[in-house]
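Asker: So the protein sequences, as listed, match chains D and X.
The opening position of the first sequence corresponds to residue 1 in UniProt numbering, with each subsequent residue numbered one higher.
The opening position of the second sequence corresponds to residue 1 in UniProt numbering, with each subsequent residue numbered one higher.
Hints listed in this document are in silico derivations from the structure and should not be mistaken for laboratory results.
Do not rely on the hints blindly, as some may be mistaken.
What the hints assert, rightly or not - Taking lysine-lysine pairs in the BS3-like style, the calculated list, with each CA pair at most 25 Å apart, reads:
1) D:K105 - D:K179
2) D:K94 - X:K86
3) X:K192 - D:K141
4) X:K177 - D:K179
5) X:K192 - D:K193
6) D:K90 - D:K193
7) D:K94 - X:K192
8) D:K105 - D:K90
Unchecked claim - Reference listing, derived: stretches of chain D covered by chain X, where coverage requires no fewer than 3 residues with Cβ under 8 Å from a Cβ of chain X:
9) 58 to 72
10) 164 to 170
Claimed, not checked - Computed from the model, here is a short list of chain D residues facing chain X with C-beta under 8 Å:
11) Y46
12) Y160
13) F188
14) S211
15) P214
16) H220
None of the values given here were measured: they were computed from a predicted structure.
All residues carry an ideal CB built from backbone N, CA and C; glycine is no exception.
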Amino acid sequence: MNDPKLKNREKSVWFSVLFDFHRTKTLKRLLVSMLLVGAYAFVVDYIESEMLHIDFRPPSYVYSMLGIVLGILLVFRTNTAYDRWWEGRKLLSKLGYNWKNVALKLNAFLPANDQENRKYFAAMIANHSYSLKESLRNGVKKHELVEAEPGMLDNLDKIYHVPNYFAAGICNRFNELYKRGVITDMQFLELSKHIDDASEVVSSCERIHTSPIPFSYAIHLKKFLFAFVLILPFGFIHDLGYWCILIVMLIFYAMVGLDVIGEEIEDPFGQDENDLPFDAICKSLKKSVNEILIQPTVNEFVKA
Amino acid sequence: MKSRLKDTIWFLDLRHAFRTPTWKALALSMVLISAYYLALYFLVNHFINFEFEIPGFVIYSLGYVIAILFYFRLNNSYYRWNDGNKAMAQLRALNESFVMKARTYLGGDEEELKFLATMVKNHYRALRDLVRGFQNPKNLIEPRPGYSSKMEGSQHLATRLTSLLVQRVNALYNDGKLTRIQFLDLSRIIHKNTEIVSTCEALQDSPPPKTYIFHIRGFILAYAAMIPFGFMGHFEAWVLLFLVVFFYFYAGLEMVSDEMEDPFGFDENDIPVAQLTDLVEKRIDAITSPYPPQYERPKT
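Generate coordinates for the entire structure from the input sequences, incorporating the hints supplied.
Answerer: Here's what the structure looks like:
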């Protein structure tokens, strides 16, 4: 993998979180809610200390009883979300190695001078992965695709599902090569298997993209968090006075932030910082497939 | 297909708070437990003076055990749901590649292709009904007149359809419309179909052992009944409210697991099987319909 974009693991100073955290999406989504929570804490504080003086102090184990279960729930939430994110990454690997295997086999099966077919397959494989990327982002980008055959991309907007269109093209060409006797029946079977795997990757990615975590689970967690935040100020008011506003806001950020991160990473095929480097993966797949199929040096060693 | 809960302001997600079936399923238990707490409240404050208070550490430690139990219960249910979702997606993939290959291998035999495509669509429909616990031959598409009469009285529609598909592919091979290798390729896909159908059946007909569920529910109930005795020294009105809310969250969590563990149904948490069936049919129609004319290569 020579693509610099794939190596986005920055070795940063651990403390840099202090200076960078304002850039994260979590904060953006939470800012208004944090201010609301702060305002709520202020109101509770003001009413209690200036007007009512009820001196209402729930025992601390009230918080810890809720806290234990809430903690478990949050762990589970982020864990399943990460699980999907990682499954998405594994699927993209599968997409890559599946097509690379096709290219490797084709390179061995096809005659070295059959530039037409080699170029065709290299283009179609790249098209399939690029179009899968865009179909998960609800669209199609024509400029990323290669015209493997004249007129192939003309009616792209009329096609219901573009990745299938390219997969069907590849399948067609396998069959044609087999019928013409360019490849033998065993070689054909060997290639044809990979069409099923490509279909499976497509539909699994679509599954991750279209099915969020079950609704009642997501909403139960949110209600739980909300209730927890609602009773939170009462634990601090008497000891901390107005400082409790800050503490409540911080606890809110830390806890609800986890929920937001879960939502953020469970659909990993978008374009923001937390999503998978799908563009870079497509680019590197395209490069290696081109290298395998089109650059002739690879075949020099095997001449009998 | 489904919208994610993702408002720009986190708090606004909460407007969906009472849309869930959890709320309705728990209503009766909530009323009962509230009555219990209320009775206890009056007893303690007006009639009996309880001398003892359950120490905090008892309540803590039981709370930890319950939390761990919840984690496993949730985890098991979620992965059942996920397995169901995976199986349905995998079947879609198989169907799509089956039709894609059939289209190529049959080389322009429109009628035969349409027949195979309809069989595959019917198989998905049969599975949709099967996982919802019934089967009805009338829900199937009729590719040829008199076709559905073959389906009447079938014990297991999905298997009957697979059987017909196997026979059909075999007939095509015998007639020489498919070569040896093409036949091998297609029949491999069909046997994976059977595997997926049985995965879905397992999810549908085997809920987790009853004793496990009863034990967790009993545990929660005993815990909920016990907690008030930890507050005996100061059983005030807010404690009542706290207890009820607390019960809602604990029992609700159990209900959420319960809803997830049977992933095929009609409510909002279930896998949208009907929508998936429509999707499969649209995809298959797209594959069987001719591609733009420039795309079809001249036959050599």
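Asker: Run through the hints listed earlier and report the numbers of any the structure violates, in increasing order.
Answerer: 3 and 11
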